[in-house]
Amino acid sequence: MKDQHPKKTYYPTYDVMSEKGEWDPVTQQVIQNRTHPTEGNVLTPEMKRTLQAYSKSLFPSHVGEQTLSISLILDHRLTEKKLKSYPKNSLLSKEEIILYGLEHAEEECVLTDQTPFFQMSDDDRLKKIISWKHQLGEESVWKNVSCDLFYSTLTSELLKLIYSDPSIWSNIGYGGPAYPRGYYAYGPKQFDSWEAKPHDENLS
Amino acid sequence: MTKTSHDVCIIGAGAAGSVIASHLAKKGLNVAMLDAGPHRDPQKDFASDELEMEKLFWDEPRISKGNDPIDLYRSTSGKGVGGSAVHYTAQLLRFHPKDFTNADWPISYKDVNPFYEDMTKQLHLAGPSSFPWKEFGDRFPFPAHHDLSNNTLKFREGLEKMGMKHAVSPLAILSAPYDERHPCINRGFCEEGCMPDSKTTPLNTFIPESLQAGTTLIPEATAVKIETGDDRKAKSVHYILDDQQHEIEASIVVVAAYAVETPRLLLQSKNNDFPEGLANSSGLVGRYLMTNMNDHLIAKFPEEIRMYRGNPVQALTMDFYQKGFILNSYGMRPVRLASLFFENDASCVGENLRRRMLDYNHFTGFAMLGEVQPQKENRVELSGQRDRFEQPVPRVTFSHHEKDLSIRKQAKEMMERVARAAGGEPLYHLEAHAHLMGGCRMGNDPATSVVNSYGQTHDIENLFVAGAPTFVTAPAANPTLTVYSLAQRSAEYIESYFKSIRS
Ligand SMILES: Cc1cc2nc3c(=O)[nH]c(=O)nc-3n(C[C@H](O)[C@H](O)[C@H](O)COP(=O)(O)OP(=O)(O)OC[C@H]3O[C@@H](n4cnc5c(N)ncnc54)[C@H](O)[C@@H]3O)c2cc1C
Ligand code: SF4
Chain A
1 MKDQHPKKTY
11 YPTYDVMSEK
21 GEWDPVTQQV
31 IQNRTHPTEG
41 NVLTPEMKRT
51 LQAYSKSLFP
61 SHVGEQTLSI
71 SLILDHRLTE
81 KKLKSYPKNS
91 LLSKEEIILY
101 GLEHAEEECV
111 LTDQTPFFQM
121 SDDDRLKKII
131 SWKHQLGEES
141 VWKNVSCDLF
151 YSTLTSELLK
161 LIYSDPSIWS
171 NIGYGGPAYP
181 RGYYAYGPKQ
191 FDSWEAKPHD
201 ENLS
Chain B
1 MTKTSHDVCI
11 IGAGAAGSVI
21 ASHLAKKGLN
31 VAMLDAGPHR
41 DPQKDFASDE
51 LEMEKLFWDE
61 PRISKGNDPI
71 DLYRSTSGKG
81 VGGSAVHYTA
91 QLLRFHPKDF
101 TNADWPISYK
111 DVNPFYEDMT
121 KQLHLAGPSS
131 FPWKEFGDRF
141 PFPAHHDLSN
151 NTLKFREGLE
161 KMGMKHAVSP
171 LAILSAPYDE
181 RHPCINRGFC
191 EEGCMPDSKT
201 TPLNTFIPES
211 LQAGTTLIPE
221 ATAVKIETGD
231 DRKAKSVHYI
241 LDDQQHEIEA
251 SIVVVAAYAV
261 ETPRLLLQSK
271 NNDFPEGLAN
281 SSGLVGRYLM
291 TNMNDHLIAK
301 FPEEIRMYRG
311 NPVQALTMDF
321 YQKGFILNSY
331 GMRPVRLASL
341 FFENDASCVG
351 ENLRRRMLDY
361 NHFTGFAMLG
371 EVQPQKENRV
381 ELSGQRDRFE
391 QPVPRVTFSH
401 HEKDLSIRKQ
411 AKEMMERVAR
421 AAGGEPLYHL
431 EAHAHLMGGC
441 RMGNDPATSV
451 VNSYGQTHDI
461 ENLFVAGAPT
471 FVTAPAANPT
481 LTVYSLAQRS
491 AEYIESYFKS
501 IRS
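Residue numbers (full-length UniProt numbering), protein chains in the order written: chain A, 1 to 204; chain B, 1 to 503.
If you are wondering where the hints come from, they were derived from the structure by calculation, not from laboratory data.
Careful, some of the hints might be misleading.
No farther apart than 25 Å at their CA atoms in a straight line, the calculated lysine to any residue pairs in the SDA-like style are these [stated by the list, open to error]:
| id | chain 1 | residue 1 | chain 2 | residue 2 |
| --- | --- | --- | --- | --- |
| 1 | B | K376 | B | R408 |
| 2 | B | K225 | B | G384 |
| 3 | A | K133 | B | S347 |
| 4 | A | K84 | B | V393 |
| 5 | B | K165 | B | W133 |
| 6 | B | K323 | B | I185 |
| 7 | A | K189 | B | A421 |
| 8 | B | K55 | A | T38 |
| 9 | B | K300 | A | P198 |
| 10 | A | K56 | B | S347 |
| 11 | B | K55 | B | E431 |
| 12 | A | K82 | B | G384 |
| 13 | A | K88 | B | Q268 |
| 14 | A | K20 | B | E54 |
| 15 | A | K189 | B | E303 |
| 16 | A | K48 | A | K20 |
| 17 | A | K84 | B | K225 |
| 18 | A | K84 | B | K165 |
Selected chain A positions facing chain B (in silico; Cβ < 10 Å) [unchecked claim]:
| id | residue |
| --- | --- |
| 19 | Y11 |
| 20 | P12 |
| 21 | R77 |
| 22 | S85 |
| 23 | S93 |
| 24 | N171 |
| 25 | G176 |
A partial selection of chain B residues facing chain A, derived with a Cβ cut-off under 8 Å [as the list claims (entries may be wrong)]:
| id | residue |
| --- | --- |
| 26 | G188 |
| 27 | G310 |
| 28 | M357 |
| 29 | P426 |
We put the beta carbon where it would ideally sit given N, CA and C, even for glycine.
Bound conformation, chain B alone (with noise of 0.2 Å):
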């Protein structure tokens, strides 16, 4: 075992955690950082296959139950330096300004807009010269992507016959060089880590950022403890590394392990002072978990549309935002599609499965991201099963709202209706989710909430909560350039507490 000292201590070095790592550490704070996965090189350990690069997704043990459980696994968690955000999409949108006026976020439009902003530049966005919807995202510093698939072609197709807006998206992937990287080729595996480096992700940003400013990046180190002192504040943070336990100490522990692990560690470091559980005098921690729907509508062409080619999700249109759901073209890569046929159709085997797959070519893939509405019982809670290191294994429960079940509804008829339009024969609808919000949701009240808006839990002030774990509502735009900005703006208030806590 081993014990070291430093001023802060982050666990989790994906999209929230490595902007905090980066931004402290420039600033001369001695930081450390773990990630329960390795400290991949996009070169050597990532390859151009569905299957092979499964082992970006989080694997560890993780019960999922409730009327509509989740996918924990593919769609929703990574495991490694960079996160979730290593296999993202890298559709990056703001949330309106509504999002945050209509629900309990303590924080508006206004405030976030700045780091929206930053972010923009910072993430080398490429989006178009004139984006319909500015509230979503303004002024890329890069050109939109324009080697359009037919996949794309179709589903901008169909919405122009139906008299819809609609907009090549705003990606975090390079559509021009910049630096020491190249713009995207088309290759297709987005989902599966980004070869030729040219998605934006932490790995090639805020991880070597931080890096370079001293950070300690521990990988494969897997926070099972924070312990807290007899001033009741965070005194270190316990971790597995090589089948050993060894400890942090830090002025400021910042949890950034994503909207389960984050609960589940802040529930599993229960202690005398914390009966229930870190920060959990609310009762909140784990509650209001959130994700998206993404439904996906499979329609056939009589041509070919072969929708392997290029980035995955290139156009949209957020013409049906107010109504809940934002529509995006999305292609998928062969592994992916079939099991989706057969998680929505357990016939789907055998010559079932094989008819429709000699089909793949003539598929085109319309998605939906549906916005879910927070609800108390969808949470993570602590099973009676343990894990290799001996810790309770997380339980997710999460059923659908009613709510929800309309706007897929109203989602799944307009897919179809585009794919019509366009002179397609939509013949599948396939249900799934992406992304995890919640579990400690921000808000001004300790009462009803377990972190402020700079993710300060309200009872420990050395304990910060960062990234999607925070959010208090799932609305339809993707959530990480949220996800980036608001940990920016955690960055610069820890860094001013920082100051506050050594004077």
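Bound conformation, chain A alone (with noise of 0.2 Å):
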């Protein structure tokens, strides 16, 4: 199929943090502190420039429309100990595995390349980062985790992070927390005052 897809989002004059006042005080703090995050105790300087660096490569066109500090919110993640569990087919648990992968993921930079992964240009990071997905890391690195491994544990946290970006959710059109108004407009082309207005006259 051709993709034809416009790169832009349909709801230009949406902003799901217009309606936040509506929301529970549970809700809103949660949020408050999700686009406000505290410094975590977990993640060094250097693992957060890598991170950083990471998410803008693999999600380029998310920057710029996301909002979030990434590495500050994962940081914090770590620090209250919510990455405790096993990804499938892991005998490591989330944290270890991104704590490790970090740390490889700068060693083989500056041993292949003489450079930090944050300096490295925006193909040559790419390039790496694809590296790590086809196992084709430095084996000579890659000895506390393996790099495939790194790859999918850290890139399906920081998807979660990055949809779960008020910002992103105003882009795509979701309607956000929903307690406690919830919906109550149903049946064809209906949806609720503080919804996204359909499209077809956000666009007009």
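These two chains come separately, so use the hints to put the complex back together.
Next comes the structure, spelled out in structure tokens:
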């Protein structure tokens, strides 16, 4: 199928955050903590730089649309012990995989390119990430975790953060938090007034 | 360390544990119930947010291996008082009479039916006045939900055009006010825990009832060992709370810790009298672990659908049950959908993912729930790794039977046909799993099963297993009405067993 997708949102005027006063206080606080995260204490400054660069390379056009500080939030989640569980096919927790992996990623780039990951060109960074995805990292470096497990684990954690960003919600026209109002307008072409306007109206 | 004494100690305050605690406490037994997670208040501890509500999932280490490793986190298990039922979608169906007769179940539909009827009332099920498949549910006390999302309307339109039967799902979600609780406001976050408390879960039924009847509930307490006495009976439960080990002595121990932690606890409680683990003379503790296939089909429509509106599962067809699957309309929120896209296609990141997700509001989501064959090789074992309590981390091995895969294929084709019939373009088939069952299967023969039909272990008469681990098969109907019903049946048996040991 030929890809004729507009690269732009259908909902240029919709801002889910304009409704935040209507959300319950707990959810308001959760989103406030996400958009204004506090410092965690697990990631080093080098790891944060690697993470930001990784996210920028892997989700290029989400950047700019995206408003969250991925490295601060991930650090916060690691500090709060939210990544204790194991992904499928792994003998390590998500936390261990990400921490070992960020170290190894940096080691490999210094070894092969004599440059830290975040200072590499966009193209070179992407090539590195793709090599990790295909298990083609430097064997001598990836001792504590395999590079493909690092790729799949970190990427799936990052995309959760990206799709928890109110700015991305506005972008895709998702209604976001919905308590205590819920949804009442049902029937063809019926939406509630606090949702994104149907996009034929939105674009006019 | 504290040491207390109770008539009954229940491990796990989920769907099964809470039913048993409530019944026994009401009958005057002195009950203690432990749960590894907290006792949450929906108003204070829940939020309308996917990422935040990951805290409901089981988050302790579990190794998942095999040809088709199962996600042992989000879509299968919960942690905390109320168990996995806190974030279930609450479609509650009975199993078909043939599910019991075709396989090694030691009970028939007739044995379970009175409990199905009772639970239908106790859980305030809402469903159609005339459900086309009566064996799976009948005479619902609350009317069917009537605010159907566009996602559901497309699903029904497709089935209608294909000449298939369809109905609004029987749901443990209030469609009208009950007591202090409000009906569903179509918020859509059922799998994140229901803030308005419209969804019926142990948290608003059996837990408060059992507390009122005097149960001692100990949240954030992880059971690590069941001790047996010189008489080879269960004697006490050791648990960790606030980094301290404590002990509860009990005349009866009930393990209701779901399908991974239940066999794990029996295996890790091995001692000189039971060197292979408790209740494991058959060697089957941990064996025959099952799940359901729960694949999704995402189709694109010219008009806006907005699958985030309304509870995720609203309508179903059971016309394909004898083929091994049912179909549902199934709306997803963005984090879940984006995660499934990536899990199923590693190239779906960056621009690819963004391109797909920009169409989010034009997508419908349909899902199949597929039967899975019981296989001995699919199991829970103890690994060589240790967790933060110094206990062996469980290792789960799961591989599909070829029959499962043929069901998956047929269901995929059928979902695509439904989407096309409704005017959509089927685009993405996303494989996933839901529910866990088995690991301590029931049966009449101690050589081929772990417990009898009441959950009493064949080897240790005062040690019981309750809930999904006792299942013999994993049919295509959602399991939890059967979990609640069998738990009530066990509770009544345990009550009479207690009287017999006390007289
Ligand atoms: C996302 C999702 C959607 C679902 N949707 C449906 C649906 O629509 N319909 C349906 O029928 N079913 C559904 N289910 C399945 C349903 O939730 C389970 O079948 C049911 O909860 C199983 O009951 P149980 O009592 O056996 O286990 P659980 O309800 O999981 O309870 C087990 C409890 O044991 C505790 N525990 C575990 N180990 C220990 C330990 N060592 N010490 C102390 N406590 C411990 C856990 O914290 C947990 O609270 C869904 C499940 C999920 C996750
Ligand atoms: S859709 Fe209904 S049942 Fe689900 S979370 Fe919202 S109010 Fe609760």
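Restraint satisfaction for M357(B) [CB to CB of chain A, less than 8 Å]: Nearest chain A Cβ about 5 Å off; hint holds.
Would you mind confirming whether the straight-line C-alpha gap from K48(A) to K20(A) stays at or under 25 Å? Violated, at about 29 Å.
Take the C-alpha atoms of K323(B) and I185(B), compute the straight-line distance between them, and say whether it is at most 25 Å. Distance ~35 Å between K323(B) and I185(B) Cα, so the pair is violated.
Would you check whether N171(A) satisfies its interface hint, that is, whether its CB is within less than 10 Å of any CB in chain B? holds (7 Å)
Take the shortest C-beta to C-beta distance between G176(A) and chain B; is it under 10 Å? With Cβ-Cβ at 8 Å, under 10 Å, it holds.
Satisfaction of hint between E431(B) and K55(B), Cα-Cα up to 25 Å: Since the Cα atoms of K55(B) and E431(B) sit roughly 24 Å apart, the hinted pair holds (cutoff 25 Å).
Given pair status - E54(B), K20(A), alpha carbons within 25 Å: holds (21 Å)
CA of K225(B) to CA of G384(B), is that 25 Å or under? holds (17 Å)
Measure nothing beyond the straight line between the CA atoms of K84(A) and V393(B); if it is 25 Å or shorter, mark the hint as holding. holds (13 Å)
Do the alpha carbons of K88(A) and Q268(B) lie within 25 Å of each other, as the hint requires? holds (23 Å)
Do the alpha carbons of K84(A) and K225(B) lie within 25 Å of each other, as the hint requires? holds (22 Å)
Distance restraint between K300(B) and P198(A), which requires alpha-carbon spacing of 25 Å or less: holds (16 Å)
Violated hints, in rising order: 6, 16, 18, 20, 29; the structure is consistent with all others.
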